[in-house]
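Protein chains in written order, with the numbering used here: chain A, 1 to 267; chain B, 1001 to 1267; chain C, 2001 to 2267; chain D, 3001 to 3267; chain E, 4001 to 4267; chain F, 5001 to 5267.
Worth flagging that the hints you see were computed from the coordinates, not collected in a lab. If you're wondering where the values come from, they're calculated on a predicted model, not measured in any experiment. Warning: the hint list may mix true and false statements.
Claimed, not checked - Computed footprint of chain D on chain F, listed as stretches where at least three residues anywhere in the stretch have a Cβ under 8 Å from a Cβ of chain D:
#1 5132-5143
#2 5177-5183
#3 5222-5229
Just so you know, even glycine gets a beta-carbon here, dropped at the ideal spot from N, CA and C.
Protein chains: 6
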Amino acid sequence: DFEYALENDVKPAFGRSDESLNRLMTGGITVWGPEVTEILDQGTLLAEVVKNPENRGFRSAVLAGSPKTGKTSLAAQIAKGSDFPFIKVVSPEDTVGFSESAKCASLKKAFEDAKRSKLSVLLIDNLERLIDYHPVGPRYSNLVIQALLVLLNSPPPVGHRLLILATSSDRSFLRDMGLMVAFGSVIDIPRLSTAAQIMNVIGESNIFSDEQLGAINHKLEELVDGKKFGIGIKHLLELIESARQCEADYRVSMLMSMMENISLNLF
Amino acid sequence: DFEYALENDVKPAFGRSDESLNRLMTGGITVWGPEVTEILDQGTLLAEVVKNPENRGFRSAVLAGSPKTGKTSLAAQIAKGSDFPFIKVVSPEDTVGFSESAKCASLKKAFEDAKRSKLSVLLIDNLERLIDYHPVGPRYSNLVIQALLVLLNSPPPVGHRLLILATSSDRSFLRDMGLMVAFGSVIDIPRLSTAAQIMNVIGESNIFSDEQLGAINHKLEELVDGKKFGIGIKHLLELIESARQCEADYRVSMLMSMMENISLNLF
Amino acid sequence: DFEYALENDVKPAFGRSDESLNRLMTGGITVWGPEVTEILDQGTLLAEVVKNPENRGFRSAVLAGSPKTGKTSLAAQIAKGSDFPFIKVVSPEDTVGFSESAKCASLKKAFEDAKRSKLSVLLIDNLERLIDYHPVGPRYSNLVIQALLVLLNSPPPVGHRLLILATSSDRSFLRDMGLMVAFGSVIDIPRLSTAAQIMNVIGESNIFSDEQLGAINHKLEELVDGKKFGIGIKHLLELIESARQCEADYRVSMLMSMMENISLNLF
Amino acid sequence: DFEYALENDVKPAFGRSDESLNRLMTGGITVWGPEVTEILDQGTLLAEVVKNPENRGFRSAVLAGSPKTGKTSLAAQIAKGSDFPFIKVVSPEDTVGFSESAKCASLKKAFEDAKRSKLSVLLIDNLERLIDYHPVGPRYSNLVIQALLVLLNSPPPVGHRLLILATSSDRSFLRDMGLMVAFGSVIDIPRLSTAAQIMNVIGESNIFSDEQLGAINHKLEELVDGKKFGIGIKHLLELIESARQCEADYRVSMLMSMMENISLNLF
Amino acid sequence: DFEYALENDVKPAFGRSDESLNRLMTGGITVWGPEVTEILDQGTLLAEVVKNPENRGFRSAVLAGSPKTGKTSLAAQIAKGSDFPFIKVVSPEDTVGFSESAKCASLKKAFEDAKRSKLSVLLIDNLERLIDYHPVGPRYSNLVIQALLVLLNSPPPVGHRLLILATSSDRSFLRDMGLMVAFGSVIDIPRLSTAAQIMNVIGESNIFSDEQLGAINHKLEELVDGKKFGIGIKHLLELIESARQCEADYRVSMLMSMMENISLNLF
Amino acid sequence: DFEYALENDVKPAFGRSDESLNRLMTGGITVWGPEVTEILDQGTLLAEVVKNPENRGFRSAVLAGSPKTGKTSLAAQIAKGSDFPFIKVVSPEDTVGFSESAKCASLKKAFEDAKRSKLSVLLIDNLERLIDYHPVGPRYSNLVIQALLVLLNSPPPVGHRLLILATSSDRSFLRDMGLMVAFGSVIDIPRLSTAAQIMNVIGESNIFSDEQLGAINHKLEELVDGKKFGIGIKHLLELIESARQCEADYRVSMLMSMMENISLNLF
Ligand SMILES: Nc1ncnc2c1ncn2[C@@H]1O[C@H](COP(=O)(O)OP(=O)(O)OP(=O)(O)O)[C@@H](O)[C@H]1O
Ligand SMILES: Nc1ncnc2c1ncn2[C@@H]1O[C@H](COP(=O)(O)OP(=O)(O)OP(=O)(O)O)[C@@H](O)[C@H]1O
Ligand SMILES: Nc1ncnc2c1ncn2[C@@H]1O[C@H](COP(=O)(O)OP(=O)(O)OP(=O)(O)O)[C@@H](O)[C@H]1O
Ligand SMILES: Nc1ncnc2c1ncn2[C@@H]1O[C@H](COP(=O)(O)OP(=O)(O)OP(=O)(O)O)[C@@H](O)[C@H]1O
Ligand SMILES: Nc1ncnc2c1ncn2[C@@H]1O[C@H](COP(=O)(O)OP(=O)(O)OP(=O)(O)O)[C@@H](O)[C@H]1O
Ligand SMILES: Nc1ncnc2c1ncn2[C@@H]1O[C@H](COP(=O)(O)OP(=O)(O)OP(=O)(O)O)[C@@H](O)[C@H]1O
Ligand SMILES: [Mg+2]
Ligand SMILES: [Mg+2]
Ligand SMILES: [Mg+2]
Ligand SMILES: [Mg+2]
Ligand SMILES: [Mg+2]
Ligand SMILES: [Mg+2]
């Protein structure tokens, strides 16, 4: 039975791909605001559209947000939450230093693998790196982006269903490179921008006393007030790690000085 | 008999090529307006010009329209409707990651195959991808476009007849790349732009009650009124799929919010 | 006898080259105006300059005109009319997808073949394609154009005589690429621009009644009047083919609507 | 035991890498001002953040300062001071004339080596040279920078800890190339800019009499006064070497004339 | 005897090189004005500077003039007139389609050959072609020009003497490419610009009656008067060849119409 | 004994390198002014800084001056005058037509050779040619300049001493390419610009009578007066050679007309 053989062939790969999904999940998801839940809900809806036998079963979406905003973790969470039996990860780590054509071949292979299973998620982490994009020039691998544009437009065989999820750090990159149109939809991943959102994360860290938390909250409200302030969740977690290393008395001032640098765009 | 050998040689290929034609036809053609019939009529006329023994039997045309407007399906429909015994498809899917010269060779081969038969259609889907075009730079494969320009200008052997159909997403791309002149004619594929056209498609979906259809019609008329609104047929079908996934009560508002995003050019 | 061997070696090639000359002659030459005769006369004069033993016997000329104006057919006609025993054709069709250096080698070979015979015409069809020219960039094969510039400046051995004829779609291309100076002379191939010229061709087609011809003539005079209208002979013949396919009653209006598109530069 | 094998495998490399660390330390560190101590303290904090088992154990920082300001020595000092058992050095000297892909492979290998140990420092000296950056063009190896961007964003296996230190001569290079964001933090390495700082170094050289030192101090105060003067520690040590070579009587005037050239930006 | 071996080795090459010198001399030198004599005198002086044992014996000069002004013939004439025992010709014809590195190798070989003889002329015809120069881009072979710049600056072994002569169509090309400085001197080759100069050449052709010559002279004086008119000797000889082909009565008017085209810059 | 083996290995190379040093010295050094002595003194000082065991023993300098100002001869003279036991020459002549990577390898080898000896001079003649620099584009070998920048920043092993001397025709080239900073110091090589300086060289030639010398001096003073005149020593020696070839009576006027051309920037 051909179908059977296919799934047989796919099974061993499944374990491997699951492991590479875990590699992308470097920690849990803190729900620092309703924005987080909403993103996960959009992912769930997409997965259901793909699953529904009345539909054609071929969708793609890209999670777009500034660096260190949690894109990769959220995409992985959506993939995992979809409960699709086959999840394939395309991560730039796996093709470091590959030639353009080797990258193409690896991308093509990932799509083929995903299409061979009846119900798959294909997670492409970091589109910029996939196509070797660099803004100075700009440079990019035309070979790889051409392959991507073709593959994003090639439905799986009849009866097979495929959800493609990708991440990218820059909406204008997506638009300029023609990837905005090529993906069916874009899910924006925001930075934390209010004192309350940030406090939700700081509170979980258990390194500040209640008094210190009050002080931080107060200073954050001042900092944020009237300005356009924003910090990615991954960046915030790093600052908290650095603060933890200081002696207790210096933690608040150190954390706040790093926050100020961010608000001054010094970093 | 040489002629016989030729056709013999071609036959097995025929089956294969027919299959690849089906691959391009991902669904039926909804006649959402007289524009659709007119496009198919233009295709029929071209096929007849090629067949007519009084004529030279060598024509090419490109179907040009925005992304997701149904170009590929319409080109396939015209090819199928021509009833020519040999139909060859050049699809970017078949040459993903090929080197420029491999792409050239494959294109040349397709033309040779098509010319060997007495009466052929050659369908080239997605000219942008064929020549690896990207607007950033811009980049394109000069090797492939040179080959294309030469092949488009080389008639089949005396007595053999060839109709070349191609698709492209961008009229200005065609003009800039010199493909407008190289193809004998351009057939424009429009977007749906009136409430009535859109309702023709939504009505067929069977997911809205009559009351909901009325509401949608009303809102669409407001949305479209006075603005330049347009949505490709493939895009519209995707929105309907997403709406189907919502609970019945939210379907109308979800569909309309997606329509508004389009009208605001947010997507 | 060395000379004898040379000619012997050349003979078989002759047959072949004659065949490839025929390939360029896709139909007869309609004398739609005195311009046509004049062009052929200029060709005859060049051939005589080359043949005259008092002269050095090395000349080159390029036929330049817009796409579809009949350049290739006229160049082939001049070559054939020269009655030179050896005619070599360099056609882009023969080197589709070749690498730059393979194109060079093939060009060099063609010149060598031509110079080995005592009296040769070398016909280079479509200089743009020969050098892989594309205006976007612009791109061209520097390797091939350098070879061409050198070969155009290298006379055949003493006593041997060589006429080089080429075609090109664009005078400004020729000037910019330094080919204007490299060729000894440029022969301009015009478009048909008066109602009378066009009627000469339409009349020959035998698809319109006398009444229809009168109507067309009248409408053409209106169309052309005061505007800069022009249509290549090859383009015109295509329009007539399309018109033939219509039912008799629609032919005139179809022909005229296509003519109007041309005058509006829509094509 | 896998862990054991890993460390076994790493041990021999350790000796070698330590040797290459010494190669970067071409002399001691003179504390010419509190700035020096502060830089070393920042390094110590980073190392502790990485070591702390409560943290994720993956950090990177770049030491940025003008040419000849002591970046390499300070980075080496921080690495040595961290007391991490494995220190890997990526120095441009080791890949002179390598192809881009060989450079990539060598970079990837260095990261893999570092990640295999439980607690490592990876020191990348001179980012400009690593990516073959040259401002005329500009030119850079996109292959290498893409690899670097990916590797900087790939944490070591769970339980393994990695501190990445790099040096670069130009903050705007870092920002333009997207390396500012890719590295977690930037440590600025200043030039000596006051007479007192410079005298701290000159005093240690033992080549000037006390009277001469007084004269130099006086002249330096004049030179620096009101201008933006700055000299890297490595540059200053070179000037002192040149002065030593002069006869005692000319030393002061020679040193000061070289200092003036610097302040006039003649060098 | 080493010297002897060298010369022995060189002798056979000599014959060959002499033959290639003849290939450049496609006809005699008409002294159409004192300019011609002066050019030849400058060549003679250079040869004597090189021969004089009191001098270092290494000089280079480039003959620069518009296309078809006789540069190649004059350079060949100077080389021949020098009576140096070894003359080596570097002609673009010999390296058509060569790769950049093959061209380099061939250039290097030519210099080595020339330096091995005690007294050599090295004639490099057409510098633009040697370095594959094209103004669109511009493009050129950096590999070849770098080789040329090095070789032009490397004297022959002590006691050996070398004169390098080159031709080029464009003074501004020479200046921009740094060849003006690299060659020791530039000899300008002018176009014929007065009626008298032109009549000197036309008179020699024996195809016009005295009366016709008078008429031509008169018309030329009108044409040239007050304008900046110029025609290269090679171009003029071609016009005369074309005129010869006409019937006697049309010759004058044909010649003059071609002259007018030149003065209108239509060619 | 390792040290012994090293020196043994180096010895044979020594002879060879000395020979290549002589190749650069195409004549003696005329002291046409105190500028010449000063340049040689700067070289001597550098050599002593490198030799002094109290210093680190690693210095580099570049001699920068217009074409034909004597840079190569002066660098060679400094190298010879240093009396270092090992002198290695990197001359563009030795790598004509080499690929970029072959040039890199050869450069790297030269540095390794030089570092293996205890006391070496490495003379790099003509930096522009070493890195295949051409201002049109501009073009340069990034591979070679990256290698050079790394090698210039890598000290020899402890106890070994290395002086690097280079020549270049253009200060702004050095600055733009980042070579100004990479070399420790720049020694400017001037042109002769006063009548007295020029007369010092002309006087040595013995081809003018005292009366002629007086006339030349007078004319030179006029020529130079108030203008910015300059001529390289190598260029001046060439003019004198040309003048020698004239008959005695014409020598002065010929020399002066060549001088005027230079002052008019015609050459
Ligand atoms: N609500 C959240 N959303 C995303 N990540 C979260 C959230 N809460 C906590 N995290 C943690 O934040 C980190 C986000 O890192 P992640 O690599 O996903 O960010 P990223 O945007 O992909 O970064 P980069 O731009 O560097 O690729 C993870 O460690 C994750 O466990
Ligand atoms: N009138 C119609 N014309 C074209 N397609 C239609 C029409 N009615 C329904 N369809 C359906 O719409 C879809 C059109 O998809 P198709 O791939 O042809 O669009 P496309 O313009 O080629 O898209 P893309 O720009 O992504 O290549 C098909 O699934 C087809 O069945
Ligand atoms: N007077 C004429 N001159 C040229 N061609 C003519 C003339 N009369 C009829 N024809 C026909 O017109 C057609 C001209 O086609 P041809 O390929 O020569 O044009 P072209 O200018 O080379 O086109 P392209 O720009 O596509 O290369 C031929 O079929 C030829 O038989
Ligand atoms: N406080 C200091 N900081 C750094 N280096 C110092 C200090 N004091 C003395 N030094 C010495 O100064 C020299 C600094 O050289 P180093 O190669 O580190 O500079 P660099 O900035 O890396 O130079 P480059 O820009 O050329 O790479 C070393 O020899 C070091 O021993
Ligand atoms: N005074 C003259 N100087 C040069 N050539 C002359 C002269 N008189 C007659 N001739 C003839 O003119 C022709 C000059 O051709 P030549 O190839 O030397 O010109 P060119 O400038 O090198 O042309 P191109 O620019 O095409 O290389 C030769 O046939 C030569 O015999
Ligand atoms: N004072 C001097 N300085 C340098 N060269 C001198 C001096 N006096 C005489 N010469 C002679 O001048 C010539 C200088 O030639 P050299 O090749 O060194 O110049 P260069 O500047 O390197 O030229 P290029 O720019 O072509 O490389 C040599 O022949 C040398 O013997
Ligand atoms: Mg990520
Ligand atoms: Mg399509
Ligand atoms: Mg043609
Ligand atoms: Mg450093
Ligand atoms: Mg010539
Ligand atoms: Mg020199």
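Evaluation of the provided hints:
1. Coverage of the segment 5132-5143 of chain F by chain D holds. Counting CB-CB distances below 8 Å, 4 residues qualify, and the rule asks for three or more.
2. Residue count for the segment 5177-5183 of chain F with a Cβ under 8 Å from a Cβ of chain D: 4. That meets the three needed, and the coverage hint holds.
3. Closer than 8 Å: that is the beta-carbon criterion, and the segment 5222-5229 of chain F has 0 residues meeting it against chain D, so the requirement of 3 is violated.
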